[in-house]
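Asker: Make the full structure from the sequences, and use the hints.
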Amino acid sequence: MWDFPLFPEQASTLAGWVDGVFFYGLGISVFFTTLICFLVIFFAVKYRRGSRADRSNPVTHNTTIEVLWIGIPLMLALVLFFASTFVYYHLIQYPADSSEIYVLGKQWMWEIQHPEGRREINTLHVAVGRPVRLTMTSQDVIHSFYIPAFRVKQDVVPGRYTSMWFQPTKPGTYHLFCAEYCGTLHSGMIGKIVVMEPAEYEAWLQSGTERESMAAEGERLFRQYGCSGCHGRNASVRAPLLDGVYGHSVALSDGRVVKADERYIRDSILLPGSQVVAGYDPVMPTFEGHINEGDLLKIIAYIKSIGNTERAGR
Amino acid sequence: MSATVEEPRGGGGDGEYRGERKNYLTDGYGILSWLLTTDHKRIGLLYMVSITIFFFVGGAAATLIRLELMTPSGDIVQAETYNKLFTLHGVAMTFFFLIPSIPAVFGNFLVPLMIGAKDLAFPKLNLLSWYLYTIGGVLAVVSLLLGGVDTGWTFYVPYSTMFSNSAVIPAAMGAFVVGFSSILTGLNFIVTIHKMRAPGMTWFRMPLFIWAHYATSLIMILGTPVVSITLLLLALERVFRVGIFDPALGGDPILFQHLFWFYSHPAVYIMILPGMGVISEIVTCFSRRPVFGYRFMAGAVLAIAIFGFVVWGHHMFVSGQSMYGGMVFSFLSFVVAIPSAVKVFNWTATLYKGSFSFDTPMLYALGFIGLFTIGGLTGLFLASLATDVHMHDTYFVVAHFHYIMVGATVMAYLGAVHFWWPKMTGKMYPELWGKLSALLVFVGFNLTFFPQFVLGYLGMPRRYYQYPPEFQVLNVMSTAGASILAVGYLLPLIYLTISLWFERDAGPNPWDASGLEWETTSPPPKFNFDETPVVTGGPYVYPLGEPEGQDERLPVEPQPLPAGRS
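As given, the protein sequences belong to chains L and A, one line each in that order.
Sequential numbering from 3 applies to the first sequence in the working numbering.
Sequential numbering from 8 applies to the second sequence in the working numbering.
Incorrect hints may have been included.
[Unchecked claim] For the chain A half of the interface with chain L, some residues (derived, Cβ under 8 angstroms), not all of them: (1) PHE303; (2) MET334; (3) PHE338; (4) LEU339; (5) ILE381; (6) LEU392; (7) ALA487; (8) LYS533.
These are calculated hints, taken from the structure and not from any lab test.
Positions of the beta carbon are idealized from the N, C-alpha and C atoms, including for glycine.
Answerer: Right, dumping it as structure tokens:
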């Protein structure tokens, strides 16, 4: 019964950094708590009513000491701020070679889709030593993807994509929790992260029943929803070609220049009138309500997959 | 407070016979004399009864929550019921207990007394504020009777607007209405403190209790309208499907969080600043010392109130707000921690060379200092970005804010109850029971909430009805602590009630305390003072530097401190 953990496992490259910041803060906290408790108890005993302690020359204010106890804690706090912000920056900035996995939160489960095609529910398989970036959205309310052993957490918000990244360092199975209250079975929206050796992971990726990659499925959906009718090469309607768009800057008709990321593509499909490419007419109908989040992710994966091809026909 | 006040004598000029002088409690007995009263002291007592009811409603919900969490799997209640219980606990405790607690009870009772006024500036608005509180409370009870609410007290969208099947509207409207009672109270305090101070009561002669309530009132009138608007927008979306927050309707769910925390973070300071004011009064009285660094203490509460308005984004570090936004909010959150540290250091320095007695209010005050220190320092981890990413929405957050709101604020509230009970009722209470309750609350509190820090860093998310089995031992400790805490909270309810009939009379100043409220009778007469007091010096006139720590009061004509001496 007394065999219970007091400190979480460290299983990602940044977990040790986060814990470093934590221990610095813990040091400050223990020092000041001890100091205050000691002084309060010491004064309470020494200056108890009736004691013969020396009470001569009492002071009621002292600006120097006030400045000192504003200054010293401020310095200690600023060190914590800068150290923590430095680590946070690295928690946010994912490495360029991260592989991508898509996460869809819904009441009350996690749907996970690997670009190679494998899909899973409430379990995420990853390879040890490889950075992974999750692109996440929710189909209903706000959820939050939380892996304590990796010290990472990110809210998963309907209507937009959020992302987080991590690089596992130890094979094993770790908790996955939903951290943002999402309704009746919130505490049931849990799962596990399975960290495998790279070779094992490759074998696992190939072993599923799904044979098609997300991009290939996306290409099919691109035709099925009629996107290719306008955005295809031989289209009769004049619409921008999407080859080579992803990750590049796009000039809009209202003069703005935006980067074509997942959010841009998503908004262009659901709210086409909000960002019309310069030189084109706002003729695209909205797909709001006609396309589910899962299909949307696949179409985005497809558009991403042609993002690196040569810009043709412009 | 040094002041020249006529010693109250039996038999005022009100036709009563000698020795049976009327006080605010005996000035009218019928139920209407209470329900239609405009006396700030009676309204304070009305609030005290009302918030005590909500405290025990919220406490009952907490008891069921802790019982449920004794085992990893769900057993005592259904998941849905559990969600309704923590929502009820949060709504009852924040909106109906903590926010009104010290300001509406002791602020109402003491602000006019401490500055030498007859009443608050707008007595009828004051009564209206209690009625608004009551209407809000009735709405909250209606939502409970309709089956309860399961959104959490934060009402996060789109869950609350589009997905929850529970009685969200009555609860949100309850919080909406009770907000106006808070606004009226704040307005009343600000005008009263500006315009109704007794002759000679300059700004830097005011007790720190008054400074704390001034700062609190600023937050109440500037922050509360924002949450009122937000709750109204929530109702618009839920009832009329107006797309404000739900992305499916074209809204933005993060906008709700910005608006909600713009009020609800400063609201934390509504809860803690009045407590700080109480502690300054108690610590000085029972260590027989003027407060150390008076001007810094007054400045610190104002700084907390002002900086408190620009840190709300630290509730949203993982919500999807921009990385740079997070950095700015993190920096400002560290800045707001500094004036809180100044308060703690100055209280500690006040004890130096004092003459200490361990009466019940002082035990509560010392408990406050310890728990507030831990609560404040653990806030640093949540202001810091990298650690907050891990700890956000875990039990670490739960433990942190309970150290501030329960550890500190409720300790201060109970300290205030014991300190001013003789003034409010004219009766003492059994000292031994008081000390026992203070001890039980302190021990029970730490046993309940300290394990939750560990649980949080291990990664146990909050609002979880069931949890992985390795978290059980710490949860059982927490529940065991809660049972001690419950006894600690029930005791004062019992012995204080009994004291009304069976305890000895307190006399005007049982603690030999400094301050205008102690210069009048206990309980005070309807208009507080027979003659308007004239203030001639700063607050906290206690004998300094006496070798034996004299228990005696100052001579009748105290040496006035130089104006503004801190």
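Asker: Identify every previously stated hint that the structure contradicts and give their numbers, smallest first.
Answerer: Result: hints 4, 7, 8 break, sorted rising.
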